[in-house]
Amino acid sequence: MSNASPHNTGGPSLLDRLPASIFPRVTGLHASALIIAILLIGLLIIPVFQVIYVAFLDPNTGALTLQNFVDFFRTSLFRESFWNSFYVSAMSVVFATVIALPLAYITTRFNFAGSVVIQSLGFIPLIMPPFVGAVAMQLIFGRNGTLNLLIEEKFGVNIPFMEGLNGVILVQSIHYFPFILINLSTSLRNIDRSMEEAAQNLGSQGMRLFRRIVFPLAMPGYVAGAALVFIKVFDDLGTPLLLNVNNMLAPQAFLRISSIGISDPMGYVISFILVAFSIFSLWASFLVMRGKDYSTVQKGGGGLSRRDLRTGEKIAAYVVVAFILILVLSPHIGLTLLSFATIWSFAPLPDGFTLQNYVVMWENSKQFITNTVIYAGIAAVLDVIIGTAIAYIVIRTGIWGRKSLDYLATAALAVPGVVLGIGYLRVFHSIDIPFTDKPMASWWVIIALALMIRRLPYALRACTAALQQVSLALEEAAESLGATKGSTIRRIVIPLMSGGILAGFVTSFATAAVELSATIMLVSSESDAPLAYGIYLFMQTPSGRGAGAALGVVAVIIVGLGTFLSQLMIERDKKFKSTDQSH
Amino acid sequence: MKRTFRASVAALALSSASAAFAADTVVVVTSFPNSMTGPIEAAFEAANPGIDLEILNKKTSAGVKYIQEISDANTADIFWASAPDAFEVLKGDGLLASVEINSDGIPEKIGAYPMNDPDGKYYGFAAAGYGIMWNERYLKAKKLEPAKNWAELKDAAYHGHVGMSAPSRSGTTHLTVETVLQGEGWDKGWAEWKWIGGNFSTVTERSFGVPDGVNTGNFGLGIVIDFFGFSSKASGFPVDFAYPEVTALVPANIAVVNNAPNETAAKTFVEYLLTPAGQEVLLDPAIMRLPINPATYANAPEGFPNPFEDGSIGAAVKFDVAKSGARYNLVNSMFDVMITYRLDDLRAAVGAVQAAEAKHASGDNAEAKALIAEARALIDANPIDEARSMDPEFAGIFTKKRKKASDTVGERQAEVEQRWDAMVVENYRKAKELADKAAAL
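Quick mapping for you: the protein sequence lines, in order, are chains C and D. Position 31 of the first sequence, counting from 1, maps to 31 under the working numbering, and the rest follow consecutively. Position 435 of the second sequence, counting from 1, maps to 435 under the working numbering, and the rest follow consecutively.
Derived by calculation from the structure, the hints in this document are not laboratory data. Any given hint might turn out to be false.
[Said to hold, decoys possible] Listed next, with one range per pair, are the computed distances between beta-carbon atoms:
#1 D:277 - C:370: 17 to 23 Å
#2 C:158 - D:38: 38 to 44 Å
#3 C:90 - D:245: 48 to 54 Å
#4 D:430 - C:370: 57 to 63 Å
#5 C:158 - D:373: 55 to 61 Å
Note that the coordinates shown come from a computational prediction; the quantities given were computed from them, not determined experimentally. The beta-carbon is built from N, C-alpha and C at its ideal position, and this holds for glycine as well.
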């Protein structure tokens, strides 16, 4: 579509009289696209390139070569790692769907007490602080965790929940299913009720209605969530490492990059392949969505009509929801127990309970908590602003190269945190903070920017899914009534996207609050350190385990409260919309 | 709300700026946990009120990268960590300063290991030895006895109960591996590690993962550095620790970074650590490192090991630092290829041999005995011999540090590792096959 403003209404402005070749007509959208492109290049491409260009150098001569990539595919360990990563990612999407679908469906489709609580609790698994999450999962599901010790006592068998690739799949599905839940729920809420009513008038109901009408209409959200889960699991480092599974791509890259004094180019080759494969997966998810129109015009209906459950159904629903919630919240149950525990070793439950861990934690960590709220807040606000802008530019404009903005931003998902951290040190160490002679790399703002880049893909996917469901006709209507592009975006598009934007904000904020891999490289003084770093400090010592868990609980509570409040806002917004236009 | 937020942002910016510009701040990059740096920092600042220590905690590998990356506009004064090899890397890059440190009363050597860098680039401030840590409840439940020597860990009884970190992940673990290789000899040492590796429950990614796994009871025995054992026990976990006979005592080190912004104050801190007052802090129950000033042991709690009197600790092996350094990355890579990355294969092969041996314990079935011996030889087989490991050209493949642009190295690391991997996987598979066959007899 065209971006030309309606100049013919008035006389020619000053700008119009200037020669176009010297002063190209740049609309606000073009300018935003340019600024975002510069930001992404400066904060993502250049730092990452600073690190991974090694992948293209001959380690012996320093000349440019593709030999390292040949080596990659010739090495059986790497081929096996690649396949393992792929298998684990695909299976995680399947299991995450099994967990997320009932929760999303029950809470959006039926009048179900506690929907808001479930939606918030269902989000909590995403906030698994590093190290504590690991310890807590092992304490519950590990070889000698609560569950296995009890099972072994009763039945004399040991179930390997946490061993090998299956362990990774279990933990990843529990950890990342909220991506599907949150995006799918938003999509389900945005479905036009008239579509459902039309289907019902034609006699469709039950599973058939869900399979043929409701689920297909919610596809943008589902695909966005599933793609995120797939890419995230493919690139995720923490979980395989905590389970000590080495035969996957991301751990292979990490182990080779971060060993002392080793400059094996294969680590960088794997990083490059991770980035490339993530972009490829994203492109594939675009292909699935291409040529389909999911937008709906009517926005007054407030989503699917909800019906009451019959008593039997209600009991079944509660059982399903309770089972899923206990499963996905078990790491946090373990974390909470650990934070109150004295000693917990080879026993189903801790030896005793105490508040001492919280006292120790509170004495040492106030600064960490403030810093985290500031950094993650800055990162998440910037993420939704940039995410909304990119989504709009990609979907609604014809600006040249617009798709590459999307690919660029999403590529951040695949950049290992260590690589980004080292890249930032390289690029920003030689640049001084404005008006001082201190290098920028040791400025806390850099940490916030790194978090912003690392969490941008989450916000972007949520914003894109939201915009895909807003019909172009609504904007055209506004413009035909004389609204400018800017005010259409401000007054029509963004309010209609608000649910998705909020979802993006929450996801970015929550995950930024517990990120560690890039920040540990960038923290240059303890007073600038965020919470995840504080947890890391505690968890380095046997005596700090409880205090680290306590700080983890604080992180979960902060983020959980934020999520709960935004869920309340979404629900209120929806009620307001539907009561306003009830018929 | 918005205003408070903005105010706190401003306050934060100001506070971090003012801390950074204070006259006598010493920035210390360290891998040591808070529980150790905290008491030392408090004691030092009480003794030197004019100097403010700014502790920057990074794990050793991240700390080394950090110092390397910031070297052109250095902001760090001190690097402080356990593993001597991390210091060797920094020294090799010319990132450590030569400073004159007054170290009265500190001996030249700890066990067989030199206390300080011969070029005066880094100094030992505490000692540590490696040993075996175990969880009492775990062993009781599984009806096991604690292993007191490396060799005992090969026992079939411990199959699946042992944990260790990889030498490529943790400099301290590297020393343990190299100590056994030097103490037992190259081929015998590697065979020892592979048979112990066959009993591994897991190879952890961080060195702290091992004491953590033993503390939680995820596995029963762990190969750890002594202070992890002591401090876990001091925290109340049902664990204990013992030094095996073949172990090395090595110093934990401290160094002043080249072009340190505050070199004088940094030197003051290093010297303080070596004074009797500084050494005394190491006996804090949360720290539990071995002081290197023999006089300090007079105040040590009862039962605390004293390497200067108890000759059995760390005396058995003469640790050759030059040898260790020459093949540092090569040993890491071999361990990863043969054990870390192929743990499942190794475990299966070792498990099969153990099962076959249990079945033919009497040893009167000659055919089974031959098959088992063949399987054992396959697991023992090394891709390279010791002479090759000491060949600087071959070891150079794993460091990629070209001195001149014209220097070339014959092969690429990926090629060598692929060759080893193919051999190891095939050997383990064949060994399992033979052992299974022997067990079926």
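Which numbered conditions among the earlier hints are violated in the structure presented, ordered from lowest to highest?
Checked against the structure, the hints that fail are numbers 1 and 5, while the rest are satisfied.
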